[in-house]
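Turn these sequences into a full structure, and let the hints steer you where they fit.
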Amino acid sequence: MNTMRRDRMSLTGIGVVLIGIAFMVMAIYMAWTLNNLANVLRGIEKTVEEMPQQLDDIFRETGEMLNHTNVTISEVNDKLHTLSPLFYMVHDVGEMSRKLTTPLARFSMKKRGKKEKSEE
Numbered sequence: 087m088n089t090m091r092r093d094r095m096s097l098t099g100i101g102v103v104l105i106g107i108a109f110m111v112m113a114i115y116m117a118w119t120l121n122n123l124a125n126v127l128r129g130i131e132k133t134v135e136e137m138p139q140q141l142d143d144i145f146r147e148t149g150e151m152l153n154h155t156n157v158t159i160s161e162v163n164d165k166l167h168t169l170s171p172l173f174y175m176v177h178d179v180g181e182m183s184r185k186l187t188t189p190l191a192r193f194s195m196k197k198r199g200k201k202e203k204s205e206e
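Throughout the sequence shown, residue numbering follows our numbering, covering 87 to 206 in sequence.
Accuracy of the hints is not assured; some may be wrong.
Said to hold, decoys possible - Taking lysine to aspartate or glutamate and the DMTMM-like style, the derived pairs with C-alpha atoms no more than 25 Å apart in a straight line are: (1) Lys165 - Glu150; (2) Lys132 - Asp143; (3) Lys165 - Asp178; (4) Lys196 - Glu181; (5) Lys132 - Asp142; (6) Lys132 - Glu147.
In case anyone wonders, no lab produced these hints; they're calculated from the structure.
Below you can see the structure in the form of structure tokens.
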């Protein structure tokens, strides 16, 4: 009976040791996982800390770009205002040439029509 009791005790001891080893392996794995998570969170913290400065830089550059765009648009408008009389002159020349060539074209068409009738 004593041997049976010893066998049970040694089996219980082995079981407790195996449970202890499993618990230790699990604890090491959890520590490794939590350490990796801590590294990721440190990286996120660094990124979040830098974000306000980066956003300030982006907004400043965007403001500068809008100012340059406004200056460019103003310069283009000034140049178009300067060129407007030239466009009006070209339009007037085109209108005058149309007014001159339209009667000539009609006259030419009438002559051609009379010539074709006389040839028939």
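Results for each hint:
1. Lys165 - Glu150: 23 Å, holds
2. Lys132 - Asp143: Judged against 25 Å, a Cα distance of about 17 Å means the pair holds.
3. Lys165 - Asp178: 21 Å, holds
4. Lys196 - Glu181: With a Cα-Cα distance of about 23 Å, the restraint between Lys196 and Glu181 holds, given a limit of 25 Å.
5. Lys132 - Asp142: Holds, because 16 Å separates the two Cα atoms, which is no more than 25 Å.
6. Lys132 - Glu147: 23 Å, holds
Of the numbered hints given earlier, the model fails none.
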